[in-house]
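Peer 1: Position chain Z against the provided structure of chain G, taking the given hints into account.
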Amino acid sequence: MLTIEPYQRRWLLAFGATLALLLSGAVVLSLRLPSFREPAFNFYAMQPGQIFNVYGLTRRQEGSVKLGFAEAYPAPEIAAYGNHIIAFFGADAFGRPEDAEYFFNYYYANLSLPEIRRYLLRVAQRNHLPKRLILVQITPPNADNGGFIIDRGNELPPDLLLSGREDGGDSGRLLPMVALSWELVSNWLHEILNYNTVIMSLFQHGDYEDRTLSPANCHDNPPTWLRRLPIGLQTRLGTYGGLRCVPQLWSGALRRDGSQLVLGPEKRTPLVQNESALKEADRALQTGDEQKIAQEMQAIDGIGRRHGVKVVFIVPPVYETDRRDSVVNRILDRALALAPDIAVVDHRAMHSDPSLFEGGIHASPQYYRVLAEELRQRGLVN
Amino acid sequence: MNFNSLEFLVLFLPITFVAFYLVPMRLRLWVLVVASLVFYGASGPEVLVAFLIAILWGYGTAFLFGRWPRAVAIVTAISVPALFLIMFKYLGFILDTVQAQPETRDHFWLFFSIVLPAGISFYTFEIVSYSLDVADKKIDPERDLLRFTSFATFFPHLIAGPIMRYADLRQQLQALSSKPVLKPNIVSALKFLSIGLIFKIFVADFSGTRVAKASDLPLEQISGIDQLTEIAFWSAQIYYDFWAYSVMAIGLGRLFCIELPVNFREPYLSRDPREFWQRWHITLSYWLRDYVYIRMGGRDSYVRNILIVFALVGLWHGAGWNFVAWGLYHAVLVILYHVSAPAWDRLPRPIAVAATFTLVSFGWPLFFLSLEKYVTFLGHLVTAAPWQTSVYRIYDWVYLAAVGVVIFGTRERNWLYNEPSSRNLVTDSSYVAAFLMFIGLLSISLSRTFIYFRF
Chain G
1 MLTIEPYQRR WLLAFGATLA LLLSGAVVLS LRLPSFREPA FNFYAMQPGQ
51 IFNVYGLTRR QEGSVKLGFA EAYPAPEIAA YGNHIIAFFG ADAFGRPEDA
101 EYFFNYYYAN LSLPEIRRYL LRVAQRNHLP KRLILVQITP PNADNGGFII
151 DRGNELPPDL LLSGREDGGD SGRLLPMVAL SWELVSNWLH EILNYNTVIM
201 SLFQHGDYED RTLSPANCHD NPPTWLRRLP IGLQTRLGTY GGLRCVPQLW
251 SGALRRDGSQ LVLGPEKRTP LVQNESALKE ADRALQTGDE QKIAQEMQAI
301 DGIGRRHGVK VVFIVPPVYE TDRRDSVVNR ILDRALALAP DIAVVDHRAM
351 HSDPSLFEGG IHASPQYYRV LAEELRQRGL VN
Chain Z
383 MNFNSLEFLV LFLPITFVAF YLVPMRLRLW VLVVASLVFY GASGPEVLVA
433 FLIAILWGYG TAFLFGRWPR AVAIVTAISV PALFLIMFKY LGFILDTVQA
483 QPETRDHFWL FFSIVLPAGI SFYTFEIVSY SLDVADKKID PERDLLRFTS
533 FATFFPHLIA GPIMRYADLR QQLQALSSKP VLKPNIVSAL KFLSIGLIFK
583 IFVADFSGTR VAKASDLPLE QISGIDQLTE IAFWSAQIYY DFWAYSVMAI
633 GLGRLFCIEL PVNFREPYLS RDPREFWQRW HITLSYWLRD YVYIRMGGRD
683 SYVRNILIVF ALVGLWHGAG WNFVAWGLYH AVLVILYHVS APAWDRLPRP
733 IAVAATFTLV SFGWPLFFLS LEKYVTFLGH LVTAAPWQTS VYRIYDWVYL
783 AAVGVVIFGT RERNWLYNEP SSRNLVTDSS YVAAFLMFIG LLSISLSRTF
833 IYFRF
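Which chain is which? The protein sequence lines are G and Z, in order. Each residue of the first sequence is one higher than the last, beginning at 1 in this note's numbering. Each residue of the second sequence is one higher than the last, beginning at 383 in this note's numbering.
Calculated from the structure, these hints are not laboratory results. All values reported here derive from a predicted model rather than from experimental measurement. Take the hints with a grain of salt, since some may be wrong.
Cut-off 30 Å, straight-line C-alpha distance, at most; resulting in silico cross-link-like pairs (DSSO-like, lysine-lysine) [what the hints assert, rightly or not]:
#, chain 1, residue 1, chain 2, residue 2
1, Z, Lys561, Z, Lys595
2, Z, Lys755, G, Lys279
3, G, Lys310, G, Lys131
4, G, Lys292, G, Lys279
5, G, Lys279, Z, Lys595
6, G, Lys292, G, Lys310
Bound conformation, chain G alone (with noise of 0.2 Å):
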């Protein structure tokens, strides 16, 4: 029991109706977002050139594009499943630029494995998984120090979430229904409280077609009154006054295959080497996790066998001097050690040739080249 006196009541009483109005309003601009997953985009249709802007939505939104198209339309023949981290993983590295009814890329925000595992649950109940190759992208340790490996990040919609429940087998017990609600809540607390969201549900516009745009139509863009102010400015009136042609909205804009657009060299973030300094206190891998890491991709690739699809798990490298003895690192080799009927193609020892990064983790279109070579290789794509 507790008691509280009259001047704390009156101060609580104010303190919980302000409170409360404004988490309301905050729940009510949020409810005014489209959801960009529903109808969904169709990247099929959109021209070779063209590119789907994303400037201005949230981290959901820009994701359920992806999510949308991924479940109204098939996937091709080859499909990634990963993070941003492949971003740049195009059709192109297969000689076959922008064909996206051979290769689509399905990144996703910073989706780990068991998000991932969600996804294609999801996608494989819709079947919409490719015909021949999903490939699933494990983030590098040594870029995150072990994040987004099979911690969560609140990425997929709470739907999404209970996908996982008919895998897992765990719906009459009862930590893992605890497990699950508060993850739900969770969820729906960092998509619904979030700053991001409240100011876009203010300022956002454009629907798909204002979206796509071909850059190489807009050489007249922007307008000159434009380019005379900031940088800064440029990209809040472009976004906020619908201007589709200024180049710096297009960062992250998406290819019809699904990858990331490359800018041009001068919009480049420099090349850092060991961006993650690999701080102890940071570290988001311990002992105990190669299990885990393990298990999930076990049940990854059990989705891509009970659809007789083969499924190949790709490590891509990170831009850093020799780290392999990290924590982290040596986690993720045993975790793979764990595994070894699961098809893994493990290129973390590309770490020292600065022509396959776009960016100190990411890998550059030329790296994709050289993973596409080795999958032809191994009698896996044509």
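Peer 2: Same frame as chain G, but now just chain Z:
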């Protein structure tokens, strides 16, 4: 779990609060212990097991005093918590220092691969202080395991202090299980929580992102003024990170009728380096004073003892030579003040405060840079083009000026630790507190882990 997470603020805290006040009074400590173990267990089962072993060891060995020879009992009592601290926190540093071979490291893979247990330095010091206080007969050994466990695990101070003594909490914990009706100061609790959260996100973490703007670049690309700005941002980041945690901890304690001590008393207003340590991380300073400095003879061998104590302060903050250097840097400052006190104390207050702040600030980069990089950093500061700023802009300095106004131009007794009778129109307003809490919740995705989280 961290205070600055939605899971903590929106789920864990309200559930624990409601459960605490709904259960019968004999179960209140159980609620706190279970909640604290859930809070801590979020970091992983291995670290939770280590924590529980350390608690049980501290509890059990306290009964050896008076039965075993004192020295043997002390060594026994502190052996396991100290061993955990060494193995989890300092093993890598020790093996690096002795240049151990990879095969040697492989023997210790288990300790390397477990993530450093959150708050291990804090709870180890608390358990050790309990053992030493029992050895010194300052307190009796606690027979109630539940009460002792709630002292060690109480989640508001578990991760980043303040470092509590059992004598400070014993009566308060006893009251929780004996008073039928409790009177929590919820108003000040929510005020402290909302202010702490806002300063964590918009001062500490924002300053951290501004530091990164320069520290991510090669030194040759930044100028002297950029480096000085970077140091100023470091000063704001470190102080407000610790300060915000401590303020939130006080607020959380008050929600459960536990009064935690103030750990930072406007340290940047200190007149001299010695006073700085009487205002900065106060519970750590007093811990080292009581259990190390005085036991070594105190002022009898002042210079030696200060060097040892501050080397320990450095090591406590981190396992690396940069932290040892940081501790020794402060030892030198304190010793220099000691010998120059007659002259220093005659300085006008603003000059003394500015000098102390500047000297302290030049030590902060050692928190983040290796010793070699720190030396290079200082060398570049001397030789770099001084005024050609390439990184920071006018709004960075406007921001720092605003933070400076809060640090040097306001007194916390007027807006934070003020008595209910002298209400501050802004910080004591329920509407302002609700608005700050709302902004804090919306902006939590911008926030980072507390620097002290894995200390």
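Peer 1: Could you run down the list of hints and mark each one as holding or not?
Peer 2: Okay, the hints, checked on the actual structure:
1. Lys561(Z) / Lys595(Z): Violated, because 53 Å separates the two Cα atoms, which is more than 30 Å.
2. Lys755(Z) / Lys279(G): OK: Lys755(Z) and Lys279(G) at ~16 Å, within 30 Å.
3. Lys310(G) / Lys131(G): 9 Å, holds
4. Lys292(G) / Lys279(G): 22 Å, holds
5. Lys279(G) / Lys595(Z): Holds, because 18 Å separates the two Cα atoms, which is no more than 30 Å.
6. Lys292(G) / Lys310(G): Within the cut-off at roughly 21 Å; holds.
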